[in-house]
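Enquirer: Read off the chains here:
2 protein chains.
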Amino acid sequence: MSGGRAFVDITMSLDGFITGPNDSVEAPLGEGGDRLHRWVYDLASFRRAHGLKGGETGRDDDLLNEALERTGAVVLGRRMFDHGEEPWGDDPPFHDPVFVLTHEAREPLVKQGGTTFAFVNDGIERALKFAKAAAGDKDVSIAGGANVIQQYLKAGLLDEMQIHVVPVLVGDGRRLFEDLGTEQIELEGTRVLDSHDVTHLQFRPPKTEGGAS
Amino acid sequence: MSGGRAFVDITMSLDGFITGPNDSVEAPLGEGGDRLHRWVYDLASFRRAHGLKGGETGRDDDLLNEALERTGAVVLGRRMFDHGEEPWGDDPPFHDPVFVLTHEAREPLVKQGGTTFAFVNDGIERALKFAKAAAGDKDVSIAGGANVIQQYLKAGLLDEMQIHVVPVLVGDGRRLFEDLGTEQIELEGTRVLDSHDVTHLQFRPPKTEGGAS
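As given, the protein sequences belong to chains A and B, one line each in that order. All residue numbers for the first sequence refer to the numbering used here, where the first residue is 1 and numbers rise by one. All residue numbers for the second sequence refer to the numbering used here, where the first residue is 1 and numbers rise by one.
Keep in mind that the hints are not guaranteed to be accurate.
[Stated by the list, open to error] Stretches of chain A that chain B covers, calculated by requiring three or more beta carbons in the stretch to come under 8 Å of a beta carbon on chain B:
1. 19-32
2. 164-170
3. 185-194
These are calculated hints, taken from the structure and not from any lab test. Quick caveat: nothing in here was measured; it's all calculated off a predicted structure. Think of the CB as a built atom: it goes at the ideal place given N, C-alpha and C, for glycine as much as any other residue.
All chains, please: the whole structure from these sequences, using the hints.
Expert: Set out below in structure tokens:
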């Protein structure tokens, strides 16, 4: 990894959802949305990011660890921030600078454990530029929600998408891919890894000429 | 394979569509929907089924050949039949008995090359029963469209789904998974095979107690 790459690393149901139905502040993952992330909760690197010891190791853990290790900064949407702020608590699991896309100016928030939230109200390109600067020789995680990922994808600003496909149909919720228009978007499959309960698909999305790479 | 299994074998875009937008009699795969099946057209077994010689061999061809070889009968919906009847021509690519789900009684059609179309107007279970009888020790392909596959899935009548995921976003069209309700449906991943331009995911869907297996 050369650093400075913008990547998405997200779990999706086989029917294309990244939350269950009716997500809200009370239920950020929607009804039953925990099911999607079940493959993650017991992994050693997930537990470590949440200040817990122990946990499972192996391929899934290696993959999650890889994503956590390469991350030097995070970009996320205002809605995801509003939903997450309380459950993330005083020591949020990012431990990195986080850039939150907003429409109004707002003072940064400094949390424990290395997480800072800075609010960016002049567009996704600028937020990514700040995040790349903050990440140094590490990469930038475009963490969500779906709408934010779609904006970066459409703008041709993503270097990589890793989608963890879970073999469950949730029927409703937030779709990872939506409102992208009907001009076909070609991705390039770059890696497929399979483990017991989840299939990890990695893609290279199309980049716009002149987008940082 | 012990025979008598009901299986789905279908190509889906990464964003969940099995056709492009606005499918019709004139464009059965929707606008740009050919893209989804591009991985198939040059394969030796596809060409053979369409009366052509030559073509590519390898993993993709092996998989397609496996699906064609195991098929002893086919079930499909009326809409798919209406869209396909003309392009399939006098020697349709099935070469097997085909059972078409309809709402009205209709005489069977006998075509060249072993394809017969029988019309079943008393439900999906009965159509599957006929198809299994016709298939003998081979399997039954539930060929589509999406709505028919969803009905069999919901009814717990499918033994296997093989989904060929193509790394393209088509934006609109017929979704493979839709209108299934919000009660989560758990599938079991049974095989993942990857080739250059397509990832083949095989699943075991939930079966209803008493469903033929």
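Enquirer: List, from low to high, the hint numbers that the structure doesn't satisfy.
Expert: none
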